[in-house]
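Sequences listed follow chains A and B, in order.
Numbered as in this note's numbering, the first sequence ends at 187 without a single skipped number.
Numbered as in this note's numbering, the second sequence ends at 450 without a single skipped number.
What the hints contain is simulated information worked out from the structure, not anything from laboratory work.
All values derive from a computational prediction rather than experimental measurement.
You may find that some hints are simply not true.
To be verified - To spell it out: a stretch of chain B is covered by chain A in this simulated footprint if at least three of its residues, at any positions, have a beta carbon under 8 Å from a beta carbon of chain A; those stretches are:
1) 197 to 210
2) 237 to 246
3) 434 to 445
As the list claims (entries may be wrong) - Simulated pairs of lysine-lysine, DSSO-like, Cα-Cα distance not exceeding 30 Å:
4) B/Lys267 x A/Lys131
5) A/Lys161 x A/Lys126
6) B/Lys387 x A/Lys17
7) B/Lys412 x A/Lys17
8) A/Lys142 x B/Lys231
9) B/Lys418 x B/Lys356
10) B/Lys323 x A/Lys61
11) B/Lys267 x A/Lys61
12) A/Lys17 x B/Lys267
13) A/Lys61 x B/Lys256
14) A/Lys61 x B/Lys418
15) B/Lys261 x A/Lys17
16) B/Lys415 x B/Lys387
17) B/Lys231 x A/Lys161
18) B/Lys231 x A/Lys126
19) A/Lys142 x B/Lys323
20) B/Lys249 x A/Lys126
21) A/Lys58 x B/Lys249
22) B/Lys323 x A/Lys19
23) A/Lys19 x B/Lys261
Backbone N, C-alpha and C fix where the C-beta goes; we use that ideal spot for every residue, glycine too.
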Amino acid sequence: MAIQDNTLSRFLELRSKDKDLALKFLMERYGDSMYGVVSRIITDTNLADDAIQEGFIKIWKNISEFNPERASLFTWMFTIVKNTAIDLTRRESNRKIQSLDSGVYDNMSNSVEANISDVGLMQKVKQLDPKYQELIDLIYLKGYTQQEVADLLDLPLGTVKTRINTAIKMLRNVLAGIVILFMLLLK
Amino acid sequence: MNRKIDIQEYIQSGILEQYALGLTTVEQNNEIVELLKQYPELQKELNEIEGSLELFAKQYAKPMPDYLKGRILKGIEKEKASSNESKGNGNSFLNYLMYLAIPVLIFSVVYLWKANKDNESELLIQKTNFQQLESKFVQDSLALVECREQVNELRGREQNRILLKGTPKSPQSFAAVYYDTIAKRSYLDVMNLPPVPPQKQYQLWAIVSGKPVDLGVFDIINDKKVFKEIKFVGQAQAFAITLEPYGGQASPSMDQMYVIGGI
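Next comes chain A alone, as it looks inside the complex (with noise of 0.2 Å):
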């Protein structure tokens, strides 16, 4: 089920006639979006702005290897922005973080594609607990590995990924609220 087939089925056609349209299409569709987590992972507005324009152009450079049937557009393109980032920040730094290089397009696979734009539910993702909010953070925006997550919040191993299952979960209810609208609204 995929809440914006619409935007999928637009993308693909107009990247069937001009990739420089489909680009600036997701640029305007999901562009807001990438540049939020970027700034989270980057606080330097310069080096985040350089992230930006790095993965938006590794889009468009592999734009003709997206394919819907192994994940959602939002997921390709936040795989490829994300890891620009952690890379840009790494070369920046020599912070030592896990490379997510490897096996990039090979992880994804279809996500449910929820439209965020309910103020509301955004709230209901923000209420999370903070100690939640923190740990997906590091993990999933900023890339840290779990032994070193453990090793930051002095926490044992197991109990950091026990967390990060029971955050996967809270927000899996978030999410279910907006699937059963979306199923009740389909009725």
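Chain A is fixed; fit chain B onto it per the hints.
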């Protein structure tokens, strides 16, 4: 080779969460990819995990500045230019010819530039127009997606949908009105009406307190379906469509009623 697993146990193990977060090893990734092909339940589970992570990422969305969009597009142009350059370096004989051709080319360009200054400025205008059109096209594409989503959303709301069924005059006809009393908006969705004869137009009516209220005329072009916002009237009891002389009438021709539906 297919491998049998206990799905619930596999899901409970948390490996899919690890996979979605990019924390699994290459070997584990390969195994998971194979299992995903075999077990749709796992794929569904992973979809939901990824969806929840997307939700998490989107909470940080903030407007991307225009200057940055401009930088990206310039960067792409540079990439194109350097790609063309590297393609040109592949054949030494061709390169040699190219070097020979450069002075001729420069001369020609200068000559043409001088001779066609007016054309050049015209070209610049056209280029600007093209860029504006291109930008509008992208914006329209986004608007189209949003419209489609709105239409899907409206079409999904049965509680607000009033079905207008074909009268004996035209049993195959079929339309709907989406009547949102909270937002005070209504839409007409024509799915099947006969082609309009010359000098005629369809006219939509609302029945309020037992009396018809004119909601305007509309055309069906090339037998295409119609979906449009219509004037909102409160307290409507029913909606109907009649075929009227071009421009419509003050009151409906009852013998020309094609569809009707009550709330």
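Hints and how they fare:
With 8 residues bearing a CB less than 8 Å from a CB of chain A, the region 197 to 210 of chain B meets the requirement of three and the coverage assertion stands. Remark: the region 237 to 246 of chain B is confirmed as covered by chain A, as 10 of its residues place a Cβ nearer than 8 Å to a Cβ of that chain, reaching the required three. Coverage of the region 434 to 445 of chain B by chain A is violated. Counting CB-CB distances below 8 Å, 0 residues qualify, and the rule asks for three or more. Taking the CA atoms of lysine 267 of chain B and lysine 131 of chain A, the gap is near 45 Å; set against the 30 Å cutoff, the hint is violated.
For the hint linking lysine 161 of chain A to lysine 126 of chain A, the alpha-carbon distance of about 21 Å falls within 30 Å, and the restraint holds. For the hint linking lysine 387 of chain B to lysine 17 of chain A, the alpha-carbon distance of about 40 Å lies beyond 30 Å, and the restraint is violated. A C-alpha spacing of about 27 Å is found between lysine 412 of chain B and lysine 17 of chain A, which places the hinted pair at or below 30 Å, so the restraint holds. A C-alpha spacing of about 26 Å is found between lysine 142 of chain A and lysine 231 of chain B, which places the hinted pair at or below 30 Å, so the restraint holds.
The hinted pair formed by lysine 418 of chain B and lysine 356 of chain B meets the criterion: a straight-line CA distance of about 26 Å does not exceed 30 Å. Of the supplied pair hints, the one linking lysine 323 of chain B and lysine 61 of chain A holds, its CA atoms being roughly 24 Å apart against a limit of 30 Å. Taking the CA atoms of lysine 267 of chain B and lysine 61 of chain A, the gap is about 10 Å. The hint holds against a cut of 30 Å. For the suggested pair lysine 17 of chain A and lysine 267 of chain B, the alpha carbons sit about 17 Å apart, so the restraint of at most 30 Å is met.
The suggested pairing of lysine 61 of chain A with lysine 256 of chain B holds, with an alpha-carbon distance near 16 Å, which does not exceed 30 Å. Between lysine 61 of chain A and lysine 418 of chain B, the direct Cα distance comes to roughly 48 Å. Violation of the 30 Å bound is thereby established for this hinted pair. Taking the CA atoms of lysine 261 of chain B and lysine 17 of chain A, the gap is about 20 Å. The hint holds against a cut of 30 Å. Between the alpha carbons of lysine 415 of chain B and lysine 387 of chain B the distance comes to roughly 19 Å, so the proposed pair stays at or under 30 Å and holds.
Proximity of lysine 231 of chain B to lysine 161 of chain A is assessed by CA-CA distance (about 22 Å); at most 30 Å being required, the pair is judged to hold. Of the supplied pair hints, the one linking lysine 231 of chain B and lysine 126 of chain A holds, its CA atoms being roughly 25 Å apart against a limit of 30 Å. At roughly 36 Å between alpha-carbon atoms, lysine 142 of chain A and lysine 323 of chain B are farther apart than 30 Å, so this suggested pair is violated. Between lysine 249 of chain B and lysine 126 of chain A the alpha-carbon distance is near 15 Å, which keeps this suggested pair within the 30 Å criterion.
Annotation: proposed proximity of lysine 58 of chain A to lysine 249 of chain B holds, straight-line Cα distance about 21 Å (limit 30 Å). The hinted pair formed by lysine 323 of chain B and lysine 19 of chain A meets the criterion: a straight-line CA distance of about 16 Å does not exceed 30 Å. Of the supplied pair hints, the one linking lysine 19 of chain A and lysine 261 of chain B holds, its CA atoms being roughly 15 Å apart against a limit of 30 Å.
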